[in-house]
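> With the working numbering, letter number 94 in the sequence shown gets 363, and the count goes up by one each step, no holes.
Hints in this document: simulated from the structure, not taken from any laboratory. Please note that a few of the clues may not be correct.
To be verified - Here are the in silico distance ranges between beta carbons for each label pair:
hint: 1; residue 1: 614; residue 2: 556; range: 22 to 30 Å
hint: 2; residue 1: 323; residue 2: 573; range: 45 to 53 Å
hint: 3; residue 1: 614; residue 2: 640; range: 54 to 62 Å
To be verified - Below are the SDA-like pairs computed for lysine to any residue, each with C-alpha atoms no more than 25 Å apart in a straight line:
hint: 4; residue 1: 530; residue 2: 471
hint: 5; residue 1: 530; residue 2: 542
hint: 6; residue 1: 530; residue 2: 470
hint: 7; residue 1: 530; residue 2: 593
hint: 8; residue 1: 530; residue 2: 600
hint: 9; residue 1: 530; residue 2: 632
hint: 10; residue 1: 530; residue 2: 618
hint: 11; residue 1: 530; residue 2: 579
hint: 12; residue 1: 530; residue 2: 503
hint: 13; residue 1: 530; residue 2: 469
hint: 14; residue 1: 530; residue 2: 601
hint: 15; residue 1: 530; residue 2: 638
hint: 16; residue 1: 530; residue 2: 465
Only a predicted model underlies this, so the values are computations on that prediction, with no experimental measurement involved. Built from N, CA and C at the ideal position, the CB exists for glycine as well.
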Amino acid sequence: MYGGATVAVVIPAYNEAGFVGEVIETVPGFVDRVYVVDDCSTDGTWTEIRETLTGLEGSERPGGSLRPIADESPAEGSGPLADGSGSVTNGPDGTEVAAGPAWRDRIVARDARTGTVLPDRIVVALRHRENAGVGGAIKTGYRNAMADDADVDIVAVMNGDGQMDPAILDRIIGPVVRGEADYAKGNRLRHAEYRRQMSTWRMFGNVLLTGLTRIASGYWRMADPQNGYTAISSRALDRVEFESLYEDYGFCNHLLVRLNKQGLRIADVPMRAVYGDETSNIRYASFVPRLSLLLFRSYLGRLLDDGDRGMGSPTAVAQLLGMGLLVGGAALAAGSVFTGAGGTTVATGVFGLFGLASFLTGVAAERRADAGLEVHVEPGDLSGEFDFAASEGATGDERSGIAPTTDESTARED
Numbered sequence: 270m271y272g273g274a275t276v277a278v279v280i281p282a283y284n285e286a287g288f289v290g291e292v293i294e295t296v297p298g299f300v301d302r303v304y305v306v307d308d309c310s311t312d313g314t315w316t317e318i319r320e321t322l323t324g325l326e327g328s329e330r331p332g333g334s335l336r337p338i339a340d341e342s343p344a345e346g347s348g349p350l351a352d353g354s355g356s357v358t359n360g361p362d363g364t365e366v367a368a369g370p371a372w373r374d375r376i377v378a379r380d381a382r383t384g385t386v387l388p389d390r391i392v393v394a395l396r397h398r399e400n401a402g403v404g405g406a407i408k409t410g411y412r413n414a415m416a417d418d419a420d421v422d423i424v425a426v427m428n429g430d431g432q433m434d435p436a437i438l439d440r441i442i443g444p445v446v447r448g449e450a451d452y453a454k455g456n457r458l459r460h461a462e463y464r465r466q467m468s469t470w471r472m473f474g475n476v477l478l479t480g481l482t483r484i485a486s487g488y489w490r491m492a493d494p495q496n497g498y499t500a501i502s503s504r505a506l507d508r509v510e511f512e513s514l515y516e517d518y519g520f521c522n523h524l525l526v527r528l529n530k531q532g533l534r535i536a537d538v539p540m541r542a543v544y545g546d547e548t549s550n551i552r553y554a555s556f557v558p559r560l561s562l563l564l565f566r567s568y569l570g571r572l573l574d575d576g577d578r579g580m581g582s583p584t585a586v587a588q589l590l591g592m593g594l595l596v597g598g599a600a601l602a603a604g605s606v607f608t609g610a611g612g613t614t615v616a617t618g619v620f621g622l623f624g625l626a627s628f629l630t631g632v633a634a635e636r637r638a639d640a641g642l643e644v645h646v647e648p649g650d651l652s653g654e655f656d657f658a659a660s661e662g663a664t665g666d667e668r669s670g671i672a673p674t675t676d677e678s679t680a681r682e683d
C-alpha cells in the first residue's frame, strides 16, 4: 500500500528470458499485487517466471517472508473453448478472451513470526495460450487486477525487459495517488540528460510519434507516448473501456485517446532512457503503417464523437471543417492537373488558406481549453534506491520526489 492506496503492478513479458526474473524480484515492497503475464513466449520466459517465484520462498520482504502457493489449474472460470480454438474464458464474469491465461501462481506473504497469511502481498503469474500482443498482455493484467478481491486503487505497468527502474515506481504512481492525475506515464524526452542513451533513430521515431499522438489524443503537451512505464486509477480504467483497446504496440497511444475523450487528467513524469542487451520485438515495417492508421482513425473518432468533447465542441468542429477544406483544395488541385483545366488556382488557394486557418484555430483553442488536463512534474533525485521504510513514514509528496507544475486553479474538474 502506498499513501493509503492499494497498488497493483502488471508485468507483460514476451521472450524476456534473462530479464523478467529480475524485474519480478525488484518490484518495490509497497506493491500489494503483482500480475506477471507471459504472452505465449517461445523462449524460457515462463520457466524463468516460475523459477523466480519458487526462489522467492522464504525471502524477506516488508511485512514478512514470502511463501509460494502453486495452482496448476486454469484461472477461475477458464479453460479451452468447445470449438478447440484455444481461446479461454477468464475471470468471474465469464468474458471470452482470445488469448487468456492458462495458469496462475500465487506468492502469499506470511508473517515471519506467526506464519499468518498476509493476503495483501500476492504475486500472480499468468500465461497466454496464444500471443495477444503487448496490449493484450496488459489488458489481461488489468482484467485480473480489477476482478481481484483486493479493491485495487492504482494499476501500474512495468515491462518485463528491465528497462523500467523499479526505484522510481513511487514517482510514477505519485500523481495518481495524490489525485493530481488519473493516469501517469514516464517521459524520456523531457531533459537532454535523460535521453542520452536513446539512439538517433529511436529519437526520431519517438519525436514523430509524439507529434502524431498529440494530434490524435488531444494531449498537446504530452511527450514520449510509447513509454510503457505507466500508472492508472481504477476509476479511469472503469471509464476507458480498456477491453476494446488496441492490443499491439499502439496500446499506449490508443489509451491516451480514450482518456482524453473522457476528459481525464494525465501526468508526464521525467525518467531516464535505459537500454541494455534486450532485443526489441517491434517489426517497424508493419508497426509504423498500422499505428499511423490507428492514430488517424482515433483522431477522427475523437472529433466525431457525439459527446461534448467531440461534435459538441467548437474546437472539434473547427478542426473537421479545416480538414474538409484542405481535402477539397487538394482535390481541386489534383483535378486541374489531370484534366488540364485552368481557373482553379484561386479556388484551390482559398480552400487551402481557409482550411489551414480553421484547423490551426481549432487546435489552438483546444490546447487552451484542455491545458488543465495535463500535469507535468519536475524530477527529483532519480539516482537513489527506493527506501520502503522511509516511505512508510513519509508524506506522498516526500516519497514521490516530484512537484506538479500545473496551476491547480486552472485544472479541469471531471
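> Next pair to validate is residue 530 with residue 593; report whether the Cα-Cα distance is within 25 Å.
The hint holds at about 22 Å.
> Measure nothing beyond the straight line between the CA atoms of residue 530 and residue 579; if it is 25 Å or shorter, mark the hint as holding.
Distance of about 8 Å is within 25 Å: holds.
> Between residue 530 and residue 503, is the straight-line Cα distance small enough, at 25 Å or below?
Within the cut-off at roughly 17 Å; holds.
> Assess, step by step, whether the Cα of residue 530 is no farther than 25 Å from the Cα of residue 470, and give holds or violated.
Given pair residue 530, residue 470 is violated - Cα atoms ~31 Å apart, limit 25 Å.
> Take a quick look at whether residue 530 and residue 638 sit within 25 Å of each other, Cα to Cα.
holds, 14 Å
> For the range 54 to 62 Å, tell me whether the beta carbons of residue 614 and residue 640 fit it or not.
violated, 39 Å
> Are residue 530 and residue 469 close enough, with their CA atoms no more than 25 Å apart?
violated, 33 Å
> Below or equal to 25 Å on CA atoms is what counts here, so check residue 530 against residue 471.
violated, 29 Å
> If you draw a straight line from the CA of residue 530 to the CA of residue 618, is it 25 Å or shorter?
violated, 34 Å
> Honestly, do residue 323 and residue 573 meet the 45 to 53 Å range at C-beta?
holds, 52 Å
> Against the 25 Å threshold, does the CA-CA distance of residue 530 and residue 542 hold or violate the hint?
violated, 29 Å
> When you check the alpha-carbon spacing of residue 530 and residue 601, does it fall within 25 Å?
With a Cα-Cα distance of about 34 Å, the restraint between residue 530 and residue 601 is violated, given a limit of 25 Å.
Of the numbered hints listed earlier, those contradicted by the structure are 1, 3, 4, 5, 6, 8, 10, 13, 14 and 16.
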